[in-house]
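K.L.:
Residue strings, one per chain:
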Amino acid sequence: MIHSIIRPLTLLVFATGLFSENSIAQQFYADINMGYGIPVSGSSTFLRDATNYSDQSTNYYSNTVKVKPLSLGNGMNFGINTGYLFNKYIGFDLGINYQIGNATTGTQNSTYYDSIPVPSFGKSSFKQSFRSNMLYITPSLLLQTDLKKFSPYAKLGFAMGYGKIYHDVEEYHNVYGSSKYTEEFYGGLALGFELGMGATYNLNERFGIYAEAYYRNMTYSPKKSTITAHSRNGNDDLDQYSAAYIETEYEKEVTEDKDRSQPDYSSPSKETLISFPYHSLGLKLGLKLNF
Amino acid sequence: MKKTLFKTCFSLLITSILSTSSLVAQNFYIDGHLGFSSPINGSTRFGANETTNYGLNGQYNYEGETVKLSLGQGLNFGINVGYFFNDHIGLDLGLNYQIGSTTQIENTRVYNRQDQFQEVYQTTYFNKNIYSSNMLHITPSLVLKTEYKKFSPYAKIGFVMGIGKVFRESNFNQTYSDPQQGSSSTNYSEFEYSGGLGLGLTGAIGTTYNLNEKLNLFTEVYFRSMSYAPKNGFITKSIEDGIDNTDQLLESEKTIIFSKEITYSSENDPNSPQEAEFTRIPFNSIGLKLGVRFNL
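Line by line, the protein sequences give chains A and B.
Residue numbers for the first sequence follow my numbering, beginning at 37 and rising by one.
Residue numbers for the second sequence follow my numbering, beginning at 156 and rising by one.
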């Protein structure tokens, strides 16, 4: 179904561009830009801030949970765009943009008083964060108008992302001590679409400065994850873990036949795909050069 | 930060519109359209299609298939009204109703056990959830268009608000071949999730074909990015082993209130609606529309 929509779209774009009778002002351009994206429409699945308390002697418990939406499209980004205008109004734009992602963190703190079998006190914390650095490639259709010094424009296109997700976890327990690990998710392409709307202020025929508000809707389903660092009570213990624990392969369909009486931990685990959202709304400022 | 971005964006658009020196061809228009959308960028958090068969002597077989749920799929129809400030820039307001298609997620677990007489017994748990949504979309957008003889290509970018409901049908069956393990049972429930607004952004590119000054045909490809976090959930039907027990359910069993922050406590009132963490359901979609436009 998606293919049947994309094909007419491509034809439409090229037909309107190539059959334009008003084929003046054809030109190449390039720009550099810098911007900042904030997360929107994050997933409510991954992170929580939680405080748990229980007292076995009085049968009292209280758990407070606050959902922390996660969308990894947040952070500073910079890049270049090149493009070609078929005529005064319609063009094709290709953007290459790198995002240095901010971390989003969820923390769970627990306190409990047990009376059975012996009175005891426990305190634990679990803190995890996700962040991502990503290279975006965004081929877009550009529609612009010319109003004296200003050229308002709209861009609509696809977004492809190539990068990594970093998942940092810290655990602490007053009896068992602390542990930390870092897990990296990678492999495969993130896919989505990007919308931009802005205006260029034309300094002269060659140069313009522009501001653009953009929205990116993208998800990333990595193919692999690897635990790259693991420590317990400050001591590196990564080499004590099996390949099945350290590495996971994510596939659209997973089939496994295993014998739990003879477990094999020498090969990576397999799981179905996890989808991480990268939806973001941002603002870019840039300098444009017309050739 | 979000407010600053919106303000900057809004100022930019208004400045562009007001600074135009070619204030010609201002006109209102209205259109009627029909379309179909496919889901994109769905979430995997609602589960996968999974079948797990736990055999004898520790053997097991697992088959899993990723399901990405996005409820922005289905047939949709609506109207748009708009106004062009000049030849190129206008504002558009769309009202669009979507009759959503369904997405199904199944989970089956089979446990095999052998007794001392080598007799094999099987316990099966089967769970199926079917999700769908009907939603009214309101889309205020900025339009940028160009003019060529018979064609007028255009781009639209705007916000989308959604008002509607999400439906979930749930089937849960347990089957025991060993009567000592328990009796087989079937549970069927229908849930409705409502309240609150879906929020997001939408963009479209298309072209009108001008039949005459008043009448145009148009086709448009659109992206819609929206998520919806319902405020309330209700069980509207509950059938256990073929007997409808909807009326016997306690308030805490049939009503859910979703919040971003909740507290579970031993002091919670069991006769009050249950509280649950809010869930964002994606409505991301790509679609195609065909329509007729009248220039007023």
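By construction, these hints were calculated from the structure, which means they are not laboratory data.
Idealized CB from N, CA, C, for every residue including glycine.
Some clues are possibly wrong.
Think about it this way: if two alpha-carbon atoms lie no more than 30 Å apart in a straight line, the pair counts; the simulated DSBU-like pairs of lysine-lysine are [said to hold, decoys possible]:
1) A:294 <-> B:283
2) B:283 <-> A:306
3) B:415 <-> A:104
4) A:104 <-> B:320
5) B:305 <-> A:185
6) A:259 <-> B:305
7) B:304 <-> A:104
8) B:304 <-> A:184
9) A:163 <-> A:294
So, partial list: chain B residues that the calculated Cβ filter (under 10 Å) puts toward chain A [said to hold, decoys possible]:
10) 197
11) 219
12) 220
13) 268
14) 299
15) 331
16) 392
17) 412
K.L.:
Each hint: holds or not?
P.N.:
Okay, the hints, checked on the actual structure:
In summary, the hint linking residue 294 (chain A) to residue 283 (chain B) is supported, as the alpha carbons are separated by about 25 Å, within the 30 Å threshold. A distance of roughly 23 Å separates the Cα atoms of residue 283 (chain B) and residue 306 (chain A); the hinted pair therefore holds under the 30 Å criterion. For the suggested pair residue 415 (chain B) and residue 104 (chain A), the alpha carbons sit about 8 Å apart, so the restraint of at most 30 Å is met. Simply put, residue 104 (chain A) and residue 320 (chain B) have alpha-carbon atoms about 24 Å apart, close enough for the 30 Å limit, and the pair holds.
Restraint check for residue 305 (chain B) and residue 185 (chain A): the C-alpha separation of about 29 Å stays at or below 30 Å, so the hint holds. Distance check on the hinted pair: residue 259 (chain A) and residue 305 (chain B) sit about 48 Å apart at the alpha-carbon level, beyond 30 Å; violated. Under the criterion of a C-alpha separation no larger than 30 Å, the hint pairing residue 304 (chain B) with residue 104 (chain A) is inconsistent with the structure, at around 52 Å. For the suggested pair residue 304 (chain B) and residue 184 (chain A), the alpha carbons sit about 24 Å apart, so the restraint of at most 30 Å is met.
Restraint check for residue 163 (chain A) and residue 294 (chain A): the C-alpha separation of about 33 Å exceeds 30 Å, so the hint is violated. Checking residue 197 (chain B) against chain A by beta carbon gives a least distance of about 7 Å; that is within 10 Å, so the hint holds. For residue 219 (chain B), the interface hint holds, the least distance from its beta-carbon to any beta-carbon of chain A being 4 Å, beneath 10 Å. The beta carbon of residue 220 (chain B) is positioned within 10 Å of a beta carbon in chain A (closest approach about 5 Å), and the interface hint is therefore held.
A distance limit of 10 Å between C-beta atoms decides the matter here; for residue 268 (chain B) the minimum to chain A is near 15 Å, and the interface restraint is violated. Restraint check, residue 299 (chain B) versus chain A: the minimum CB separation of about 5 Å is within 10 Å; hint holds. Here the hint on residue 331 (chain B) is broken, as its CB sits about 23 Å from the closest CB of chain A, past 10 Å. This hint is violated: residue 392 (chain B) has a C-beta 26 Å from the nearest C-beta of chain A, more than the 10 Å allowed.
Contact between residue 412 (chain B) and chain A, as hinted, is not supported at the beta carbon level, the nearest pair being about 14 Å apart and thus beyond 10 Å.
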